[in-house]
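Participant: Listed here are the chains, written in short residue letters.
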Amino acid sequence: MTSVAISDLSLSFGPVEVLKSLNLEVEEGEFVVLLGPSGCGKSTLLNCIAGLLDVTAGQIFIDGKNVTWEEPKDRGIGMVFQSYALYPQMSVEKNLSFGLRVAGLPKNEIIERVSRAAEILQIEPLLKRKPGALSGGQRQRVAIGRALVRDVNVFLFDEPLSNLDAKLRTDLRVELKRLHQRLGNTMIYVTHDQIEALTLADRIAIMKDGLIQQFDSPSNIYNNPHNRFVAGFIGSPGMNFLQGALVSEAGQWFFNAEGLRVPLSDYRFVHPPQEGQAVEFGLRPEHIVVGDASTTQPVTMQVDTELVEPMGADTVLWTNVAGHALTIRTDSESNVKTGDNINIGFNTARVSIFSENGERV
Amino acid sequence: MDNTLSNTALTEPHGPRPKRLISTRNIVLYGFLIVAALYWLLPLYVMIITSLKGLPEIRMGNVFSPPVEITFAPWAKAWDSACTGLYCEGLKVGFWNSVKILIPSTIISITIASVNGYALSFWRFKGSEIFFTILLFGAFIPYQVMLYPLVIILRELHLFSSLGGVVLIHTIFGMPILTLLFRNYFASVPEELFKAARVDGAGFWRIFLQIMLPMSLPIFVVAIILQVTGIWNDFLFGIIYAGTHNFPMTVQLNNIVNSTQGVKEYNVNMAATLLTGLLPLIVYFISGKLFVRGIAAGAVKG
Ligand SMILES: Nc1ncnc2c1ncn2[C@@H]1O[C@H](COP(=O)(O)OP(=O)(O)OP(=O)(O)O)[C@@H](O)[C@H]1O
Ligand SMILES: [Mg+2]
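In order, the protein sequence lines correspond to chains A and B.
Everything in the first sequence is counted per numbering that gives the first Met the number 0, starting at 0 for the first residue and increasing by one.
Everything in the second sequence is counted per numbering that gives the first Met the number 0, starting at 0 for the first residue and increasing by one.
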């Protein structure tokens, strides 16, 4: 069943069009991550779903009900903000129960829900404190608790972890995933962080300039990016892009670039290629095999190492092949040194080729 | 001296940097500050000692010498029986008039302005920016331009020469600066807090009363100080709009000091002036710290 459906949603701030006829369908119990560069409209979209912004055009459905004109409290959503947004003058307990008191719930029901949320999030010892006396991680837990007590089907998160340090972020990320498994709610989660997106999401929506570029499972987003933007946005270090053209010879397609010729025997074209078509050839740094193992790969070549960056778990090599820059990610065991000429290999089944307008070929 | 010098030369600097209390810089600095303080305090000193002297002693002319015989009679007279124009009932009438003007004006103007500021920063409506601009513009129109039109307006409202009239005037003239103060304060409150409250189902008044009010104490203190001192010190509106029966303390003080009949009672005049200035002085003394903190918290940020 569809939990949140957004159809042809547009939103403008005066002359600035932030969301452009956007469509999105989120299944019940799904964890969806909105990922995109700063200013692409992620928070705006979330605020529209929450009812905190009036839409310019389009409709929003939550649990099959058209909520386009509903007040936030009537939409059956809970929201968690980046800055926690806890009420500074209220104790944690009062923070959690505020919404319930506004709704006029009976006292024992309020106590029950607050203590349940506190137990789930392990914030029972903090209930009497003010937010000012909590650490960042504790504050964010309370903020999540405030959404939890509302007993709603849809949770909205706007970069909830980005104010926390790296370690805490990882911990809370795992906790969030557990929470999702335990509650089974629909969750829509905005983040800048690719790792968060790839680890948490059932499906990721990549946004750019107020449009969804691709809405797909993390593995599809990573392995089969639909366009050049998605390909370049996901992955670190970013995908290598080589400029060139497609040529065919004896029924076999090749990618041709200056001083380079790659047979595309294993590449699955989504659109029929054209002779001489100008394309960009995308290859992930981690899909390149280095050293002896490279001989088993369908495509092999030799590259010059220009820079070696050890990163602990793995090593990034900045190399050059026939004037094209190529970044390679290899494990830290490899003893490649600056200036080495090394053998590399890869499989064209794992590359992505984009036409001039950015679409996958 | 030589000894310590060679010692410091030998040992590297360590621990807290030694502070020298008596240096040329400090002497100049504190010297200047003391002279400046004396300069400003001297008139106050003269006022206080004069108000405690009898008239014969004042006539001897030693302005700076302390009273030989301390008397509180001038204070009693200033409060109870000095002549303000036709009546000789002292300043107490004016004091109570001022209180009657001050309390409603302060409460009403701050209440309205705080709601205004809150609405303007969180509940933007169509034209709210224009509304705010107009309000700000109001702060820059010279009072003189509006004096007479307001006389007519109050007359038409049957509020001229009444307490209600002068309260209304104070409320109107306090509005631009107070609204600006509150708007800027609320603009510094994170918008996500407001959004969270909306998701929790709170409406306009509940968000204001239960979330915004508790966290805006400092700015209310600033507003109260501004209004209390401003309204208490007001002379112009009081003399024009309040009517003879409601003249505030400042107007009556003027009537006492400038009365042309009889001998000039300098001691009574000094006592009356001190009495009139007492309230703002007290306010400044007890709230100086809060005032600075509140100004820093909200008024400066735009
Ligand atoms: N109140 C507003 N008035 C005008 N423009 C706005 C307003 N709020 C947001 N915008 C613009 O809308 C665009 C999208 O903003 P939004 O906050 O949704 O971005 P975002 O994707 O959440 O970015 P970030 O990752 O930095 O949070 C931005 O270009 C922003 O400048
Ligand atoms: Mg955002």
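Just to be clear, a hint being listed does not mean it is correct.
[Unchecked claim] Straight-line alpha carbon distances no greater than 30 Å define the calculated DSS-like cross-link-like pairs of lysine-lysine that follow:
1) Lys19/A to Lys288/B
2) Lys129/A to Lys125/B
3) Lys166/A to Lys64/A
4) Lys106/A to Lys19/A
5) Lys125/B to Lys72/A
[To be verified] Covered stretches of chain A, as calculated for chain B (at least 3 residues, CB under 8 Å):
6) 68-81
7) 92-101
By construction, these hints were calculated from the structure, which means they are not laboratory data.
Given the structure is predicted, the values throughout are model-derived calculations rather than measurements.
All C-beta atoms in this analysis are idealised placements derived from N, C-alpha and C, irrespective of residue type, glycine included.
Participant: Confirm or reject each hint.
Facilitator: So, going through the hints one by one against the coordinates:
Proposed proximity of Lys19/A and Lys288/B is contradicted: the alpha carbons are some 51 Å apart, above 30 Å. With a C-alpha separation of about 37 Å, the suggested pair Lys129/A and Lys125/B falls outside the 30 Å cut-off, and the hint is violated. Taking the CA atoms of Lys166/A and Lys64/A, the gap is near 40 Å; set against the 30 Å cutoff, the hint is violated. A distance of roughly 45 Å separates the Cα atoms of Lys106/A and Lys19/A; the hinted pair therefore is violated under the 30 Å criterion.
For the proposed pair Lys125/B and Lys72/A, the alpha carbon gap of about 24 Å is at most 30 Å, so the pair holds. With a cut-off of 8 Å between beta carbons, the stretch 68-81 of chain A has 8 residues touching chain B; three or more are needed, and the interface restraint holds. Figure legend: the stretch 92-101 of chain A, annotated as covered by chain B; annotation consistent (3 residues with Cβ-Cβ distances under 8 Å, at least 3 required).
Checked against the numbered hints listed earlier, the structure breaks hints 1, 2, 3, 4; every other hint is satisfied.
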